[in-house]
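A.B. asks: Residue numbers (my numbering), protein chains in the order written: chain A, 81 to 451; chain B, -19 to 487.
Treat the hints as calculated values from the structure; they're not laboratory data.
If you're wondering where the values come from, they're calculated on a predicted model, not measured in any experiment.
Please note that the accuracy of each hint is not assured.
[What the hints assert, rightly or not] Pair ranges (Cβ atoms, derived):
| no. | chain 1 | residue 1 | chain 2 | residue 2 | range |
| --- | --- | --- | --- | --- | --- |
| 1 | A | PRO250 | B | LEU351 | 42 to 48 Å |
| 2 | B | SER52 | A | ARG108 | 56 to 62 Å |
| 3 | B | GLU234 | A | MET290 | 35 to 41 Å |
| 4 | A | TRP362 | B | ASP300 | 48 to 54 Å |
Glycine included, each C-beta is placed from N, C-alpha and C at the ideal position.
Chain residues, written in single-letter form:
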Amino acid sequence: MVIAFVIGAVFIMIAGSDPISGYQSMLRGSFGSGLGIANTIQRAIPLVGMALAIAVAFRAGVINLGAEGQMILGGLVGVLVVLYVPGPPLLVMALACVAGTAAGALWALIPALFQSWPGVPVLIASLLLNYPARYFSSWMVRFPLKDPESSMVATDSFPAGTQIPLFASPSSGLGQTLLNNLGKDNVLTIVGRTVNWSFAVVALLVVAVMFMNARTRFGFESGMHGFNANFARYSGVHSGRLTAQTMLLSGGIAGLMGVMFAIGAPNNRLMDGQILETNYAWTGLLVALLALYRPSGVLIGGIFFAGIIAGSGAMGRDLSMSPQIAAVIQGIVIILIAFRVQIPVRRRRTSSEVVEARMEHDQAEEEVGRV
Amino acid sequence: MTLEVDMRGITKRFPGVVADDNVDFSVNTGEIHALMGENGAGKSILMSILAGLHQADEGEIYLRGEKVAINSPLDAIESGIGMVFQAFKLFPSFTIAENVVFREEPTHGPLLDRAAANRAVAEISERYQLAVDPKARVDSVPVGVLQRVEIIKALYRDARVLILDEPTAVLTPQETEGLFNILRALRDDGRTIIFITHKMKEVMAISDRVTVLRDGKVTARLITAESSAEEITHHMTGRDVDLTMAPPQQAPGETVLSVKNLTVTDQGERPVVDDVNLEIHSGEIVGIAGVAGNGQVELAEAIMGLRAIDNGRVAVQNQDVTQASVRHRRDAGLTYIPEDRHGVGTAPLADGAANLAMGHHRRAPLLRSGLLKRSRMVWHARRLIERFRIKIASPATPVGTLSGGNLQKIVVARELDYDSSVLIAEQPTRGVDVGAIEAIHRELTTYRDRGGAVLLISAELSEIQSLSGRILVMFEGRIVADLDARDVTEKQLGYLMAGGEQAVAAS
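With the hints as extra help, turn the sequences into a complete structure.
C.D. replies: Right under this line is the structure:
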């Protein structure tokens, strides 16, 4: 951890700033102030969600590297619903979430089917399907959906009331109450006025996945499939069906994250590359790996990484670094912390090393002599 | 008498396991020395240290009185040590001679002198009656020949010490006898042979002296002629073992497993299971004898639904399951102990509770109102661990840390806990120590006596003969004989396993 921050400091100095004030502003911008905490939570919502989407797949031994594409398509479909489906705003919003989830799920189903026939591994097909999703969505926003009135490359703004609302938007009664009773610098006020309801959805999802893993047949079978797919098949698990179900679930969560990110307040229009630039899918992959696919680990790891992202952003602003340099430092800190976290993780894994040694040993034993 | 090999105080540790603990192992020049021990006793590691595949953490190795450092397989070869592994390490598309001279090629300028290579191989082959054709391609000759090629390879490098790794596992009884003659000729030539086997009969037949290892320590150094099979077994296990089996208590009943015209092809080409018909009745154990790789594994997998079939029908208790999924076949009463317990029979990284629950998690008592619960799985695991006396620290221990015998007991316990009518047991005791063999055999006969039907697939003729009521012989994917176990000899089985049906028919 110390080494991570020393190396980070070197880069801050290369960028021409003072490392100590850099770290101070990083801490302030992540966990050390109301605004920082709010920023962290905002980023943690999609990050935890995406890590969860990837974790449910990886835990089952299904290497879904297409979460990014699933998220983008989910977001795009959700935006289409919001823009073009008439009706009561709340209902439209709910429909957008459902449609986005379905879009992500179906996009994720394609690699599962390709694996069953003709046998393209999910890893490859899912990864490649990111590109069509990415560029189709970009094309949609640049051309058919572009708001001609706006100078931004973005869609029309969403109809009133179709966004996922903030907990306590400044204009609402609750927002005013918080402001009046707790003051404008209180953590609850700031979080309530800037974080939207997708927070609750993600929290619920984490709990639901925990329950699924521990208590349901599907959760048990997918865990065993992840440990040893041949064993699962031998025990009567239909491997192809389980892979398809897993991809539907994983892609569905990713798609839902896409919608909630795209139509979640304060966003009121979808900009080109808006989902892509955040890189939540790939940072989520890292979080899922470090968490060993456990939902609890995903939650903690996701919040932690969200803090680093928020903090390095704040540092960039405070020390007026260029955003690229701030991103470099953020990347380096993430990598180094990943190393650091990996060490205790490996220690916890010693049992698996013993297993490997044992298997190697038994194999040698089987080769050399029996009885 | 000089000491050809003298390993002193060898200790080798792996994370969490001490494979060899201060082992002294010495072999006289010009003797056949058997190294014995249960699975995990450390004999393979000890020999791979001598062959340079592993390095000892502590201890010294002396060859002919001189201290040597063996840090790689090349060092071992230079010191005159050759090892024949169970899995042969040959290039299939090269000729025998090319394989033998690989890395030590006789050359003619920059070119391989193929004639000299062929001559050298023919010479060695003739001298020890190894009978190989130097120009034959390796993928065109049978397994027994490959083993001789490995031996020639070691002799070509002038190995004075030859380590043979469970050499008879892949051989028929006749081929085994041939191998023993070769080994005796090599010994008479002054070479030293270290022979690892678990077959007591072979130890008694060929070795001059025996070293027994248990839990990484030497428990006995014996002169074979002055010892007995019982004594050696006792030193290996630390107790007396009884491997004789009770005969069935009742006559076989109705047919429970029926297989008709079953054909499986290898990627749509060569048939690996060729028009197999068999019927197994309740209360009987039917053994399938055969040299490994003659379609036994494919037959078992096809019956279980793990492998696509090209033709034929499979029925369990008159219920046709030819098109059914693995799960439906299991529901119909099929259970299966697979040969590959790390790769198929268990999830080694998952814990005991999960491994024992798998399959049973679909119904009560593990599944209640559609939900599972960890505490019920742990309870289920404890019950089976106790009943089958599995040595495991707790249900939360990953099963991959268990020894071969205990891992196999996990598989056996889980499969026998189904209320099934058919059990396919594939190499149920391979790589398992004597104590566990005894326990597993007892479970199989108990299952039979309760009315279960067992299809026993094994490369061990002694196992097949002691357990089965009927013996089928499988050769090149076909069932070539259906015999009553009472009036068949090991010799006959050996002929049939080697494809010699005419030989038996004529006799």
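A.B. asks: So which of the earlier hints does this model not fit?
C.D. replies: 3
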